[in-house]
Amino acid sequence: MFHWLEKHPFFFAVGIFVTIAFAGLVEILPNFAQASRPVIGTAPYSTLELAGRHVYIKNSCNACHSQLVRPFKSETDRYGHYSLSGEYAYDRPFLWGSKRTGPDLMRVGNYRTTDWHENHMKSPSGVVPGSIMPAYTWMFKNTADINTAYAEQLTVSQFFSTPYNKPVPMKDGSTKIVKMGASTAEANALALAEAKVIAADMKDQDVKDAVANGQIPEIVALIAYMNSLK
Amino acid sequence: MENRPLEYDYTVAKMFMFTTIALGIVGMLIGVILAFELAFPGVNTILGQGLAEFTNYSRLRPLHTDAVIFGFTLSGIWATWYYVGQRVLKVSMAESGFLMFIGKLHFVLYMVVVVAVVVSLFLGITTSKEYAEFEWPIDIAVVVVWVLFGVSIFGLIGIRREKSLYISIWYYIATFLGIAMLYLFNNMEIPTMLATNAAGESGIGNWWHSVSMYAGTNDALVEWWYGHNAVAFGFTVPIVAMIYYFLPKESGQAIYSYKLSLLSFWGLMFVYLWAGGHHLLYSTVPDWMQTMGSIFSVILILPSWGSAINMLLTMKGEWQQVAASPLIKFMVLGSTFYMFSTLEGPIQAIKSVNAIAHFTDWIVGHVHDGTLGWVGFMIMAALYHMAPRVFKREIYSKSLMVSQFWIQTLGVVLYFTSMWIAGITQGMMWRAHDEFGNLAYSFIDTVTVLHPYYAIRGVGGLLYLVGFLMFAYNIYKTMSARPVEESELQNASPMGA
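These protein sequence lines map, in sequence, to chains R and X.
Sequential numbering of the first sequence, starting at 0, is according to numbering that gives the first Met the number 0.
Sequential numbering of the second sequence, starting at 0, is according to numbering that gives the first Met the number 0.
Read the hints as simulated data drawn from the structure, not as lab findings.
Where hints are given, some of them may not hold.
[Stated by the list, open to error] Calculated lysine-lysine pairs in the DSS-like style (CA-CA distance at most 27 Å, straight line):
hint, chain 1, residue 1, chain 2, residue 2
1, R, LYS195, R, LYS175
2, X, LYS248, R, LYS6
3, X, LYS89, R, LYS6
4, R, LYS207, R, LYS178
5, X, LYS476, X, LYS103
6, R, LYS229, R, LYS170
7, R, LYS6, X, LYS162
8, R, LYS6, X, LYS258
9, R, LYS207, R, LYS229
10, R, LYS140, R, LYS202
11, X, LYS248, X, LYS397
12, X, LYS13, X, LYS391
13, X, LYS248, X, LYS89
14, X, LYS89, X, LYS391
15, X, LYS162, X, LYS258
16, X, LYS13, X, LYS476
17, R, LYS98, X, LYS350
18, R, LYS72, X, LYS350
Quick caveat: nothing in here was measured; it's all calculated off a predicted structure.
Can you build the whole structure from these sequences, using the hints too?
Right, here's the structure in full:
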């Protein structure tokens, strides 16, 4: 049979394809629908948070920071409850990472504040002596891209029925509505309102001035995203 | 004409040889910079505060991985394909104007993609998925390049004189099909500019931005099915294709066992794809998938070692060649690193070991003993074998090759030993509790302790880069500095002579 295959390239290639495609079908497909259901308490990202997530991705923060708490005592002691599949239901792409050069950030919003992040992003080793993380000073100058975040919100709500402007159940029995603008102008206004809350807790005068003028620096969006990770 | 040996046309092979070397230097240089950034954070701002955005670790990291995978390795695969393909199929590229055109187009479009990737990653335009960072416009270009590669493979097969496909061709076909399937499914994404809102606006935001079709756990599952098997079909399958051609050619020995090559080829095809789940142990993917990933990783030792043993036994009775020929040294050590790396991987895939190893530098060490020791050595060996035949000149310096070999071997050894120690140290410190049940170390303790290992790793990487520059110089001198031979070298290797 093998000698015959080696003289018939078409059937040889078909043979290879079937052999390699098999595993993916068996391993990936059966769980597909199940794994994408959100757990109670998981809400979609707001426009500003999503813009912050884009800043996180733009700077490959996931190259050094994981967002996956494994079910070990040492990890739950350090980072909080272990991760549940449904908590990632609105994460496109997933940001689990593959290397912890720095600590996990899955629930960083539970134990770090806006003020802490501001100081830390300016000078990591000033806040954590011995830290090898570089400073991200340009995030204080670059402007966050709210329009792209808004376009992504529109896309996921249209193609994947992500529940924007709809009540989402919370753990305490209440519901939460994450608003998405009906127009680009409204989306920017919503993001700016959120940014003002963050900027009020910050000390950098340039950032405060920018937000007062209707500009949102990347750092503000990033901190909004960090604070949402719980 | 009838009695003359076939003259092969290496135009396209040459082009890809140049990019193998150029992108190898770029990718490895960035790697060395990254290594020193971890050891000495001041290196992050080496070009000043103003350019820090483009020189800091996180922005450069995807550039390193993509430059060595899709630059150096892929170029090497294609350089050897456009050389080996003609020879084992007994047909010259010059016989088909169409295939020659496809080959050149393949190269030109590949160059366009390389430039687009470099620019976009420097600007931070990335999807964040490892080894699949490119946004949708580049993804489409990659698919076109890949299709051209496929046309070249099957086109050359279509006009072949040798009816039976040699083992290397099996592996090249598998590379083409495997990457095609994985890349397509992993990069399913929707450009966000397609969305419209109630106000009738469309084309909002950056046109290149897209959102993954999969969310959370599913996205992770598809990504690591891809990520793991991109290693399979980029770092293993095509490199095995190379060694099945170049080792017998260089040593003058026949492949030890056809049956062993059958077993390891079909075994590898079947088993490899299942093992992706070992990247997701203790994550939120279902337990049975994790266990499958773990078990199949261990089974994977069989086909991997099958190929490696087949190669080492091919040298049976001819071991003096290892001492005599630097080229054989590279290939034999490459096979040995392949065995080593394919034993280490399954060990790390055992769940209890993975609990310590995952997220640590031990994984980084594992990747590099495979890529530096196996992929890098084999591609350089292939180019060293091809250069005298392609350029019709003897290799410039054999002693330079020998020194390069030892410098790079030392580099690899420093790299993986330091990363082993770093990884296991960090993994053990993360999980250590004191007598009262509290965590024994804060996270920063587990970072500062790694400093000496990061420094040693940087030195190891630097040595490898130095060796690679020696390789580049040797090839450059080969093509430019020595008189042209009358005709293509036919039989014994220039090293053996």
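- Which earlier hints turn out false for this structure, listed by number in ascending order? none
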